[in-house]
Structures are given as structure tokens and as C-alpha cells.
Amino acid sequence: MPLLSTQLGCRDRLGAWKARWGIGRMSYLTPPGLYAIGSPGSDDPVIVTANYKMSYDIVRSALHGRNVWILVLETFGINVWCAAGKGTFGTDELIHRIDAAHLTQAVNHRTLLLPILAAPGIAAHEVTRRTGFRVHFATIQATDLPEFLDNGMVTTAAMRELTFTFRERLVLVPVEIVLALKPTIFITALLFLVGTAFNEAAAGFTAAAAFLGAVAAGTIATPLLLPWLPGSSFAVKGATCGMGWGLVWLALAGGDIGVPAGAGTLLALTAVSSFYALNFTGSTPFTSRSGVKKEMRIALPAMIATLVGATLLWLWAAFL
Amino acid sequence: MKDFRYLKNVVTLRLDGKICIGCGRCMEVCPHGVFTIENRKARITDLDACMECGACSKNCAVAAITVAAGVGCALGMINEWLQGLNLPRTGRGC
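Going line by line, the protein sequences match chains Z and H. Position in the first sequence counted from 1, then plus 696, gives you my numbering. Position in the second sequence counted from 1, then plus 1, gives you my numbering.
Hints are not guaranteed to be accurate.
Listing some non-contacts, in silico: residues in chain H with all C-beta distances to chain Z over 12 angstroms [what the hints assert, rightly or not]:
hint, residue
1, K9
2, G18
3, K19
4, I20
5, C21
6, G23
7, E39
8, N40
9, K42
10, R44
11, T46
12, E53
13, N60
14, M78
15, Q84
Once the Cα atoms are required to be at most 30 angstroms apart in a straight line, the calculated DSBU-like pairs of lysine-lysine come out as [stated by the list, open to error]:
hint, chain 1, residue 1, chain 2, residue 2
16, Z, K782, Z, K989
17, Z, K990, H, K9
18, Z, K989, H, K9
Just so you know, these hints were derived from the structure itself, not from any lab. The C-beta atom is built at its ideal place from N, Cα and C for all residues, glycine as well.
Chain H extracted, bound-state conformation:
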């Protein structure tokens, strides 16, 4: 996935190093290699590679990771906005 980079400095992923117990699950479930384990603590080493799928926060037993997870789908978001404005949705769901 090194050939593909999306926008920089936008993702909502946060890791609280004080809470982390270094179990390594986040590293195991991340499909983009965002985390590394150093000195028994997880560290975010490639933040911009994150696509906010939420696998890490879902699998963090001590809730040290937060991320506004969701599907990055343009039409889905247009539909959400239309719904918010009480307008009819366009045809396709994600």
C-alpha cells in the first residue's frame, strides 16, 4: 500500500500511551502498519496511513485508542447530509 497515500493531517486516530499495556493487538489488526511496539508500548509511527477503519480501537482491551471510525464513502456522506436536511436520498447506499 506504499503506492497509495491519502490526504495528510486529517485522521482522528489518537493513542494514549499512559493507558497502553503494549499487548500489540493494534499492530496485529491494522492493515496499514500505523503502529509499532517500542519498549512495551504501542506508538503511532505512520498516522497519515490510517484510514479510520476502527479495528485498533475496537480491539484495544484497555481503550487506549480512539478514532472516529466510519466508511469513507462520498455518496454515503452526501446521503447523510441530504437526510440531515430532510431531502430524499440518492439511489446508492454504500
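Chain Z extracted, bound-state conformation:
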């Protein structure tokens, strides 16, 4: 039986940091199977988690000083919630892993403690019917597990409540930036070249800066300011940030570009930020699929129309 350490070392911390920046994120995993923390006996609890190394690290470090079993499922390096949504943290995998790890030989009881966010993938009644194990959805956060265990395995209302704090949003920003990087570098370079060709290097630089600022408005400012931005639509929230940035840019660098070009730039920056903000719906824990669908049906055509309007304004400024 592999024994787990509950102390996270430098490599674990570095690995988590790299995964946050999208470096090797899809291969940051640990082998599935049954592990021991401390020296668990046949009556000690069994906690189920995913084989995304960051999930598993949080679970094992939260359980420092205890005797528990950890059953790690094969989710191909995906965290509990996303894997449950995709079905890999699922009923069949759990049943297979109970069997493969010979769990019935390790413990006398028939209770499994699962993260609440695993429920979209795990049909508890199916697991019980097919294995005899009772599924107890314990807490949302692994860090609440010690309190849960000490409380006689009672889930308090707070342990069941999902949060999306400033800090929780902040850790998502790096990966938003990394995912936006490729098209952003391409468009920034293009804007620099076009600006330089039409005018001079300084114009190329301010055009590129305008765009980069709008990307940052959508990928950094919108997530961080989320609860304070007006409306419930992410596209509107992003547009607000983008327009705010556009006004700042006009005040700083707009100088003498004139009304049509200035208005065109403002429109374009609003649309760019709005697009990236709409993408952030995929990273939040409260947006419904139907809502995102509805929002996209309205927002995407609006963004395209805005960009067309911006282009016409620029052409007007350049040639009339």
C-alpha cells in the first residue's frame, strides 16, 4: 500500500504554479489507486478524489496527521468538477476503482466520502446498488475535510456553499492569459505593423497597446471586478471594462486622431474585451449552459457588427 506524505514540497508547489500558468497542465497527474495517509485501519474513512495532481495535493495536505484512505480515480489529470462534468469522474470509474484496489479487503465499513462537486458524474444510488458502498457527498472544498471528520461527518451549510472570492478568481487569471496568448501576439504584431506602415512606429505602438489593454480588460479586469460590474451578462460586463479602457486610451494616446477614428477605436476595444469576458463564463462556477447559449446568440452578432462599424469609421477617418 503506497503511503502518502501530507507535506507539500518545493516540487509540488512549483508544479502547482506551473499548472496555473498552463505549463504541462494536461499531464500533471498521479497514478490512480488506493493510498494510505498515516496508518489507516479497516474502520478509517475512505476519501475519493481525482488524479489531477493539484486536486490530490490539496486533499493529502489537508489531511495531515490523520489516518485515512485515499482512493484516487483515473480522471486523466482533470480536476474533480470538470471530470465529473465530462463523466470521467463517473459512476463506472468509481466502481471499477473500488474493485481494482480491492477496497472491500482494506476496510470493513461501506461508506465512501466524495467531494460534493463530483455529483454531476456520480450516481450515488447506482454505486450503492452495484457495490454495496454508500456514497456520502462530504464537502465542496477539501480544506473543510478535517472539520467535517471532526464533526462526526456532518456537512454544514458553509461546507455546501460554493464561493468565488477575489482570490479564487485571481488564480484563474494566468490560465486565461495563456489561453488568449497566441491570437493576442499575432494581432498585436499585426496592429503594430499596420500602424507603423500607415503612420510611424509610435502609431504602431499605440495601436498595439490599445489592443493589448482591451485583452487585459477582458481576461484580467473583468474576472477580478466581476461582482461589481453592472448587469448579469458577461458580455456586458466585459464591454464595460473594454469601454473604460478605451476612454483611458483615448485620454492618454488618442490625442489628435479625430472623432471618427476615436469612436471606431472605442467600439473595437469594447468588442474585444467583451469577447474575452464572455469566454470567462467557462471558468466560473455559476453560469448555466442555457444562459451562455442565450448570451452568445445575442453577443456574438453584436460584437461582429461593432467591429464592422469600427472598421467603417476607421476607413472614413483614413480616406475622407
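Assemble the complex: chain Z is given as a structure, and chain H must be docked to it using the hints.
Below, chain H alone, put in the same frame as chain Z:
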């Protein structure tokens, strides 16, 4: 999660009170407190808080709950549309 509300009147979550046996699983697995149990029956008390994760319907032993579950991810949906039109996908998956 009280600080965050998404669009209203869009979610596909439905509960058939006639089938419900009041076991309370839905309340237990919902991360948004959508359900309450009254008189041994589940009731949807905060429909607009639902994010359609599907945990409740997956764990309803009598299939009283239906929801078009899925990930609410804009790029994932753009990719689905592009695939539907036989166009190449953009880089990122969800």
C-alpha cells in the same frame, strides 16, 4: 454565491413533484441551494441560481428531475458550432 447571479429565466431544470419521494439527495448535491424539502417533497425554490451541472438529476433515484446539463463554456460552444458547420475548431477545448 449570493454575490453572483447569472441570466434569469433561462435554465432547463424541471422537477416532477408527483414522482419525487423526498429523499433529499438533490438538496445534498446542489452547490447552489436550488432545492428545499417541504412536506417530504423536494421543491425548486431558487431556479435562477441553477447552473445546469446535472448533479441533481444524476442522483435522483426515481428520475423526477430533468435538466439539459452541460458545461457553460463559450469557446466550447463556438467549437461545437464550427464542428456542426464542418469548419476547423479553434485551439482551446474546455
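Okay, the hints, checked on the actual structure:
1. Listed as outside the interface, K9(H) is inconsistent with that label: its C-beta sits roughly 7 angstroms from the nearest C-beta of chain Z, within the 12 angstroms cut-off.
2. Look at G18(H): its CB is around 19 angstroms from the nearest CB on chain Z, clear of 12 angstroms, so calling it non-interface holds up.
3. Every Cβ of chain Z is farther than 12 angstroms from the Cβ of K19(H); the closest lies at roughly 19 angstroms, confirming the non-interface assignment.
4. The claim that I20(H) is not at the interface with chain Z holds, since no C-beta of that chain comes within 12 angstroms of its own (minimum 14 angstroms).
5. Every Cβ of chain Z is farther than 12 angstroms from the Cβ of C21(H); the closest lies at roughly 14 angstroms, confirming the non-interface assignment.
6. At the 12 angstroms boundary, the C-beta of G23(H) stays outside the reach of chain Z, the nearest C-beta of that chain being 15 angstroms off.
7. No beta-carbon of chain Z is positioned within 12 angstroms of the beta-carbon of E39(H); the least distance is around 17 angstroms.
8. In this structure N40(H) is separated from chain Z by more than 12 angstroms, as the shortest Cβ-Cβ distance comes to about 21 angstroms.
9. At roughly 18 angstroms from the closest C-beta of chain Z, the C-beta of K42(H) stays outside 12 angstroms, upholding its exclusion from the interface.
10. Against the 12 angstroms criterion, R44(H) stays outside the reach of chain Z, whose nearest CB is about 17 angstroms from its own CB.
11. Every CB of chain Z lies more than 12 angstroms from the CB of T46(H), the least distance being 14 angstroms, so the non-interface label holds.
12. In this structure E53(H) is not separated from chain Z by more than 12 angstroms, as the shortest Cβ-Cβ distance comes to only about 4 angstroms.
13. With a closest Cβ-Cβ approach of about 5 angstroms to chain Z, N60(H) is found to fall inside the 12 angstroms limit, against its non-interface label.
14. Residue-level check failed: M78(H) sits 6 angstroms from the nearest beta carbon of chain Z, not beyond 12 angstroms.
15. The beta carbon of Q84(H) is kept farther than 12 angstroms from every beta carbon of chain Z, the shortest such distance being approximately 15 angstroms.
16. Between the alpha carbons of K782(Z) and K989(Z) the distance comes to roughly 18 angstroms, so the proposed pair stays at or under 30 angstroms and holds.
17. Distance hint between K990(Z) and K9(H) is fulfilled; the C-alpha atoms sit about 11 angstroms from each other, no more than 30 angstroms.
18. The hinted pair formed by K989(Z) and K9(H) meets the criterion: a straight-line CA distance of about 13 angstroms does not exceed 30 angstroms.
Hint violations for this structure: numbers 1, 12, 13, 14, all remaining hints satisfied.
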